[in-house]
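J.: From first to last, the protein sequence lines stand for chains D, R, S and E.
Going by our numbering, the first sequence opens with residue 44, and the numbers climb by one from there.
Going by our numbering, the second sequence opens with residue 44, and the numbers climb by one from there.
Going by our numbering, the third sequence opens with residue 44, and the numbers climb by one from there.
Going by our numbering, the fourth sequence opens with residue 44, and the numbers climb by one from there.
The set of hints was computed from the structure by calculation and includes no laboratory data.
Possibly wrong hints are sitting among the right ones.
Identical chains blur together in the list; that is why a pair holds if it fits in one copy or across any two.
Subject to a maximum C-alpha distance of 25 Å in a straight line, what follows is the list of computed DSS-like cross-link-like pairs (lysine-lysine) [to be verified]:
1. K189 - K200
2. K297 - K160
3. K297 - K189
4. K160 - K357
5. K137 - K200
6. K160 - K64
7. K137 - K63
8. K160 - K63
9. K357 - K64
10. K357 - K297
11. K297 - K344
12. K64 - K297
13. K357 - K63
14. K160 - K200
15. K357 - K344
No experiment lies behind these values; they were computed from the predicted model shown.
Number of protein chains: 4
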Amino acid sequence: MDTSQFRGVIPPVVIPLSEKKTLDLEAFDRSINRMIEAGVDGLFFLGSSGEVAFLTDAQRYHVLQEAVAIVNGRVPVLAGIIDMETMRVVDQAKRATGFGVDGLVATAPFYALGGPKEVERHFRAIREYTDLPLFAYDLPVCVHTKLDPTMLVRLGKDGVIQGVKDSSGDDVAFRWLILENEDAGHPLQLLTGHEVCVDGAYLAGADGSVPGLANIDPASYAEQWKAAQAGDWERVKEIQDHLARLMFMTRRVKATVGFGAGVGAFKTALWQMGVFNTNQMREPVQPLVGEDVEAIVDVLKAGGLMDPDAPIRK
Amino acid sequence: MDTSQFRGVIPPVVIPLSEKKTLDLEAFDRSINRMIEAGVDGLFFLGSSGEVAFLTDAQRYHVLQEAVAIVNGRVPVLAGIIDMETMRVVDQAKRATGFGVDGLVATAPFYALGGPKEVERHFRAIREYTDLPLFAYDLPVCVHTKLDPTMLVRLGKDGVIQGVKDSSGDDVAFRWLILENEDAGHPLQLLTGHEVCVDGAYLAGADGSVPGLANIDPASYAEQWKAAQAGDWERVKEIQDHLARLMFMTRRVKATVGFGAGVGAFKTALWQMGVFNTNQMREPVQPLVGEDVEAIVDVLKAGGLMDPDAPIRK
Amino acid sequence: MDTSQFRGVIPPVVIPLSEKKTLDLEAFDRSINRMIEAGVDGLFFLGSSGEVAFLTDAQRYHVLQEAVAIVNGRVPVLAGIIDMETMRVVDQAKRATGFGVDGLVATAPFYALGGPKEVERHFRAIREYTDLPLFAYDLPVCVHTKLDPTMLVRLGKDGVIQGVKDSSGDDVAFRWLILENEDAGHPLQLLTGHEVCVDGAYLAGADGSVPGLANIDPASYAEQWKAAQAGDWERVKEIQDHLARLMFMTRRVKATVGFGAGVGAFKTALWQMGVFNTNQMREPVQPLVGEDVEAIVDVLKAGGLMDPDAPIRK
Amino acid sequence: MDTSQFRGVIPPVVIPLSEKKTLDLEAFDRSINRMIEAGVDGLFFLGSSGEVAFLTDAQRYHVLQEAVAIVNGRVPVLAGIIDMETMRVVDQAKRATGFGVDGLVATAPFYALGGPKEVERHFRAIREYTDLPLFAYDLPVCVHTKLDPTMLVRLGKDGVIQGVKDSSGDDVAFRWLILENEDAGHPLQLLTGHEVCVDGAYLAGADGSVPGLANIDPASYAEQWKAAQAGDWERVKEIQDHLARLMFMTRRVKATVGFGAGVGAFKTALWQMGVFNTNQMREPVQPLVGEDVEAIVDVLKAGGLMDPDAPIRK
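Full structure from sequences and hints, please.
T.: Rendered as structure tokens:
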């Protein structure tokens, strides 16, 4: 299975909604094209930033159908197949496959936890039902299990998974994953889910990144990846500092916490920048308003993503 | 909305599988009838013990269809509508309603967490889409949010929820919930999810219990509830000690942890007692074998649930 | 080692301070005598409620010296010997012993965690250095390790520990501890650290309780224990409801969280009731003020602990 | 207060013990000199790796007395003043100061937790009692509170603290700390506690590192710091990979977990390399034996820290 296409910057795509909380196709098209034109290397739909947990099955497949059509083969498409336990994930995998995506992304089981045996068996069972490249999504903040590096490399050598999207925040374990993957002949494409410490991950040997913030500033992430490939580490760091300061937008939100603050800030930024038409969120999350919107605009202006004189959209 | 029917012992029904991991209708019928005949006051399908996280949607609705037919109105039926976020839960609610169940049970949002505002809005949004009695399922071990007693009573007074199944293990918060519910005129039916401390919950004023262990020994739980209604607390405690010792079966499992040890032990017990035909589990969980089975049989024999001379089923 | 004296209500004593944050001996004397006269069965000094973590060693031994003198043999005295790891705890044990206390209370190691082997070895090592009765203090909220019931009973049978103060909030594990202790011939005195679910613990077979709230209302806890001994469970429950409502005082605090809200509320209540002369706290905690004090007074008046017309002390 | 001396590699010193668990002065002298001669920039005594939690007060001050004498001004000396709450920490600060150390290192309060107000007040209170440079030690794995970057920089601007030793493992927050510290004019010296991701921390702008593994291989950490100063990031990364592989020694331990596996592996390595005379640990931790020792030797040989033909010391 050739996985060489899954390298570089692969943003998890944030989904624009109309005021009525339906998919805003015009903004979706604009945002996707903006990222591809900025030079991203792939796109990941139905991840956490893509509100996968909030979408009904019908809404999920609507997103995939439109996404594949808009991307139209210009970059590879990864699709999240996020559900609670193995056979529900298999159902999601079968359906996603029908929409022509290039790879699948699955987490460990969640809701009813087991131990490491069950986690490994879970990925092996999914492989039995799909021929697409499969990425393990290491996301303990959502699934409450940390994936063990040694197990991941074993699954890679056995052809069960072809890559890892690491959003664990555990950079020590990610380093061990990189080293064990090298020792095994690099069976896995290793992508960091960081927005803020991508420079260190590239220096350590990551094959790419999946930063939600690349929806806001795809050009900087694309340039950063090129600088890393060229070994220009001072430039990689310089761009990272700019991006880390942009990420302050998620720290400025006062009205809520968790998903509503993080993806809520991204949607608000895209709205204020004119990429999205609203910053609408899905139930039970409410869009940000008032001083939270103002704080995000301040961050965007400080980061050069908005004209200093631009008014706040209402 | 009359919720007086949701009192007493309402076991979360464990699902028997064939060796091929399909619903074993014969055993399902036997187990349900055994519980009803033992005097339980209701049945809860598609809870955690009912493997809800592991069932595909098709399998979930198959369970509900058969369950409603077998129960046939003899006791009220609660159905779990467990999914990640609001609109996915609403989808589950709409479908479950079509199968003729008497009430619904929903957790807080999980996977993508927010704060208390989102949790409250979540339940209010579900209410907009259903006319059935709705129970809030407080299950932080699975959903990683503890439901606040004051919020629950507020939702009760507003007619959003009609009861709570408390599996939080936080008996202090449950006591506060009972007291606040009393002060508000008892809008909520409060059911403890404990197997082991049901006596204390009854003494504190709980309206009933939802013990997974009642699949194994429904008669004792039914008798315990009657003793509590009669104020015979010494008897309530005596039965509880018997049941707590039975629950040791889940502590004896060595091969795995979590769901596979808990529900795995229940299925193994029901198999060894002749209620189930196998102890098969759903992917990625494996059925218990060898010394784990032997240990469970020992507990059953010590508790008088199996004949001391009965051989171990293979 | 005779441990029969360690039964019934053994409040963890809250320490009164002057405005200058020194031990207020007058109030200390008044509060201790008030509890003994109300019928408590023992007193526990230097527990969490006794600010053990905040006291310098010199302050700790000052408290013990004065406490033993005031109690003067009327009830048994337990002393917390709380420190990070084994040999520091042994140091505390040796010194506390010199002040003539009747028993010692030690937690699992904290700060640098190990596994269950180290926890068991820790208690065995402490035993080598003391001849006093030793209670294991199960307090995961502070030490981040839950003590295993089977290990505790093993330590009891081996004469290492003579009792357990269970403040784990894990009532299932406490039930198992009670049952395993019975099966082993009751080597351990089992005390619940609950304020709010003491009724259930007594019904389950606890040998007593260590409720911080008994500093506020010792008479009710003493009466509750007598009612439990007499098998009058309705009365036990009735008193518990009164006490649970009193405990609302800790839920009303808005200015801070954690220790400052819990013990801060107790000190404020004792101050408003005239038992303490201030509600002063130790660094870095600040005493409660303003609306937090008013809310606590409201709870005390509703519970009959303060005259409805009494003014708020300033 | 000049803090420019606290830069570069400042290992947390691991303490050698005799078979009788007393300080092994000969090995202590050898290990300290070995690190200074290898080019480290400072030494940190009484940190977690220095068994601070396990030492009685008398043992702590013995360590400081000998350490200051051996170091003899060649590099600056930091001393941990680790205790539960503010005034206990102040006691430790006063005593450590008497031994002539150059700076102090304090954690957030632990055992009895409060909120952010108490954490900030804690550091401000310590400052009132000492004139030495003070480092905040961010160590949630031991103290269960994460220090907020914005608060740390505020304390830095106010002259309360002069630096941070970040062992939080939260590299995103560390990046934010670096950026906010820059914006404030660099009041704080920021040291990463990582062993494994030091390269990323240097690239991000850290002022140095406090790696326990530098007890084993001080020369590599010293060279890595020089390469970082010179901007040779490929070399920084190359050395990091070597060091990360050395750190595998802590992952190979099977007999225990936590502190006993981590510092236990370091002591075993130093013993096998001939720097220490034993791998003895303090109660309740046991030294590693058998296959754990063999696995550590394998890692040392693979990393070039031991001769491939060297026998295993018994």
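J.: State for each hint whether it applies.
T.: These are the hints, each one checked on the structure:
no.: 1; hint: K189 - K200; verdict: within (20 Å within a copy, 37 Å between copies)
no.: 2; hint: K297 - K160; verdict: between (41 Å within a copy, 13 Å between copies)
no.: 3; hint: K297 - K189; verdict: between (29 Å within a copy, 19 Å between copies)
no.: 4; hint: K160 - K357; verdict: between (51 Å within a copy, 23 Å between copies)
no.: 5; hint: K137 - K200; verdict: within (24 Å within a copy, 44 Å between copies)
no.: 6; hint: K160 - K64; verdict: between (40 Å within a copy, 19 Å between copies)
no.: 7; hint: K137 - K63; verdict: between (30 Å within a copy, 21 Å between copies)
no.: 8; hint: K160 - K63; verdict: between (44 Å within a copy, 21 Å between copies)
no.: 9; hint: K357 - K64; verdict: within (17 Å within a copy, 54 Å between copies)
no.: 10; hint: K357 - K297; verdict: within (19 Å within a copy, 34 Å between copies)
no.: 11; hint: K297 - K344; verdict: within (19 Å within a copy, 36 Å between copies)
no.: 12; hint: K64 - K297; verdict: within (23 Å within a copy, 36 Å between copies)
no.: 13; hint: K357 - K63; verdict: within (16 Å within a copy, 54 Å between copies)
no.: 14; hint: K160 - K200; verdict: within (17 Å within a copy, 36 Å between copies)
no.: 15; hint: K357 - K344; verdict: within (17 Å within a copy, 50 Å between copies)
Of the hints listed earlier, there is not a single one the structure fails to meet.
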